[in-house]
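Enquirer: Here is what each chain is made of, one letter per residue.
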Amino acid sequence: MHAADQATVVAEDVSKVFFSGGDPVWALENFSLSLEPGSFTCIVGPSGCGKSTFLRILGGLEERTVGEVTMTGAEHAVPAAFVFQEHGVFPWMTVLDNVAFGLRMTGTSRRGREATARDWLARVRLTDFADAYPHQLSGGMRQRVAIARAFATGSPVLLMDEPLGALDAQTRMLMQEELITLWEQERKTVLMVTHDIDESIILSDRVIVMSGRPGTVREDITIPFERPRSFDIERSPEFGELRSRIWNLLRDDVRTAEETA
Amino acid sequence: MSTIENREAGQSPAGRDVEDERAERTLVAARAHRSRESRLRTRDLVLSIAAPIVLVLLWEVCARLLIIDPRFFPPPTKIVMALGEMALDGELWQHTGPTLLRLLVGGGLGAISGIVVGLLMGSSRALNAAFGPLFSALYPLPKIAIFPILLMIFGPTELPKIIAVFITTFFVMQIATVSGVWAIDRQLLEAGTAYGATGFARFRFVVLPGAMPFVFSGLKTATGTAVVVVTAVEFTGASTTGLGYLIWNSWQLFIPEKLYVGLLVIGIIGAVLTTLLSRSEKLLLPWRRNT
Ligand SMILES: Nc1ncnc2c1ncn2[C@@H]1O[C@H](COP(=O)(O)OP(=O)(O)O)[C@@H](O)[C@H]1O
Ligand SMILES: [Mg+2]
Numbered sequence: 001m002h003a004a005d006q007a008t009v010v011a012e013d014v015s016k017v018f019f020s021g022g023d024p025v026w027a028l029e030n031f032s033l034s035l036e037p038g039s040f041t042c043i044v045g046p047s048g049c050g051k052s053t054f055l056r057i058l059g060g061l062e063e064r065t066v067g068e069v070t071m072t073g074a075e076h077a078v079p080a081a082f083v084f085q086e087h088g089v090f091p092w093m094t095v096l097d098n099v100a101f102g103l104r105m106t107g108t109s110r111r112g113r114e115a116t117a118r119d120w121l122a123r124v125r126l127t128d129f130a131d132a133y134p135h136q137l138s139g140g141m142r143q144r145v146a147i148a149r150a151f152a153t154g155s156p157v158l159l160m161d162e163p164l165g166a167l168d169a170q171t172r173m174l175m176q177e178e179l180i181t182l183w184e185q186e187r188k189t190v191l192m193v194t195h196d197i198d199e200s201i202i203l204s205d206r207v208i209v210m211s212g213r214p215g216t217v218r219e220d221i222t223i224p225f226e227r228p229r230s231f232d233i234e235r236s237p238e239f240g241e242l243r244s245r246i247w248n249l250l251r252d253d254v255r256t257a258e259e260t261a
Numbered sequence: 001m002s003t004i005e006n007r008e009a010g011q012s013p014a015g016r017d018v019e020d021e022r023a024e025r026t027l028v029a030a031r032a033h034r035s036r037e038s039r040l041r042t043r044d045l046v047l048s049i050a051a052p053i054v055l056v057l058l059w060e061v062c063a064r065l066l067i068i069d070p071r072f073f074p075p076p077t078k079i080v081m082a083l084g085e086m087a088l089d090g091e092l093w094q095h096t097g098p099t100l101l102r103l104l105v106g107g108g109l110g111a112i113s114g115i116v117v118g119l120l121m122g123s124s125r126a127l128n129a130a131f132g133p134l135f136s137a138l139y140p141l142p143k144i145a146i147f148p149i150l151l152m153i154f155g156p157t158e159l160p161k162i163i164a165v166f167i168t169t170f171f172v173m174q175i176a177t178v179s180g181v182w183a184i185d186r187q188l189l190e191a192g193t194a195y196g197a198t199g200f201a202r203f204r205f206v207v208l209p210g211a212m213p214f215v216f217s218g219l220k221t222a223t224g225t226a227v228v229v230v231t232a233v234e235f236t237g238a239s240t241t242g243l244g245y246l247i248w249n250s251w252q253l254f255i256p257e258k259l260y261v262g263l264l265v266i267g268i269i270g271a272v273l274t275t276l277l278s279r280s281e282k283l284l285l286p287w288r289r290n291t
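Those protein sequences? They're chains B and L, same order as listed.
All residue numbers for the first sequence refer to our numbering, where the first residue is 1 and numbers rise by one.
All residue numbers for the second sequence refer to our numbering, where the first residue is 1 and numbers rise by one.
Keep in mind the hints are simulated off the structure, nothing from the lab.
Just so we're clear, the structure is a prediction, and the values are computed from it rather than from any experiment.
Note that the Cβ used here is the ideal one computed from N, Cα and C, for glycine as well.
Hints are supplied without guarantee of correctness; some may be wrong.
Unchecked claim - Quick list of simulated restraints, FRET-style, between CB atoms: (1) L:S123 <-> B:R245: 45 to 51 angstroms; (2) L:D185 <-> B:T106: 43 to 49 angstroms; (3) B:E68 <-> L:S124: 28 to 34 angstroms; (4) L:I53 <-> B:E178: 55 to 61 angstroms.
All chains should be modelled from the sequences, with the hints used to inform the complete structure.
Expert: Take a look at the structure:
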């Protein structure tokens, strides 16, 4: 109970039912999760199990059918900053304006928000692209803009829905390294959905493995590697064990999801 | 230069010569390819300018040699001379002015109100539910068909002509703008919500810029339609001014040169308006990929 007391994000028995046609679709059933402040948590699960739905409920983008969600830090102007998989940055704003957007909405002065945004652009190595438009950037650069925009709000909670999912494998590895570094400096509470098991182990303190639809917590796995982290952990035997443990938990549900899709 | 320098380390002099020679050959081939490409581009440009000129010359010659009937197709030089005369004695401006007025006032007001109504309907589910089906039902109605009603109400004044252009533009812009709002990527709307853009801020930073590409393509369509409608309205007996009237009257009096002058000027007006729109689109929407 102690952990729940100081948790930043607590979801209790959240269920979500969609109607597609006349039939109810249970996207989530009695899903409970609490995140400790400053922890990095990944959710993995078969596609269609409700991962995005859960994140969207936390981010206020979707109504829950029943259940309780509380967030400390809800008094912050942007209680939870969202990073979308793709197409999440505004094509009509320059890179700088995109990164400053959250602060602009909270009424920060132009000077203040542009200084913060420039600072974040430097940290994601996009200083030279401040005045470019997103269509002039590569996919990886656009996601760095999206990540910088989320961090720049100063929000205590970041919700990322497969932020690296659309990138090619090498760009993705590079971005994973950068994300580890940024996060280790900032220590925000991060909840990230990914379909990449290795990514979930490398990045997070804790991996939540979800069952197939309706989504529930199948297993809650603590990742023991210490910080700061590097890709060297991939070569350790513990890494291989964790990977096959997660895959064994997922395999049947992924197969079912494949066959019913 | 730098490629040669880079390769210098750890190679025998003989090997380097061979390497350099090969690189040189590759570069020569690449340059030849590039200059051929630029030659082709120049040729395309020349063709695109020359072809119309040749066609006009052909027209001139055929009309002079009576290969085509100059009563229907007067030689271009005669048309240009007629244009000059009409510009000097003021007849041209007497018709161009009213047409421009009808187009700009009717079209301008129609575009503005169409965009405003479109944005409102695109943003408000209730408004769209109330008026969407009605506007969709009215859209295919040829707006020109209600011109007699307008004449009946307002008499043969400027007002019915301006209103005819207004209505045409309004409908095109209203539909284009609603589609523009609906075409905004759902994830961008959600990004707006997630970062706290609500109410007017959401409109100003997400909905309005997101709908702009459709608004501009609507404006181009509307310009074409408005030119057709203004010409058609001026064809009717309700008008004694305007380029449409000039064309119609020249036919009745059988002065083909003037008819072609009317056609030419209205064509130029349409082209100028469309070009202005494309230019301002480039200027106002620098974030677009293809424009
Ligand atoms: N707006 C919606 N309307 C109806 N069904 C939906 C909607 N959003 C999601 N779903 C359904 O809910 C389930 C979970 O979706 P989602 O959370 O996107 O899965 P995941 O992100 O884990 O792949 C899926 O079966 C999906 O079809
Ligand atoms: Mg998803």
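Enquirer: Checking each numbered hint in turn, tell me which of them this model violates, lowest number first.
Expert: As far as the earlier hints go, only 2 is violated by this structure.
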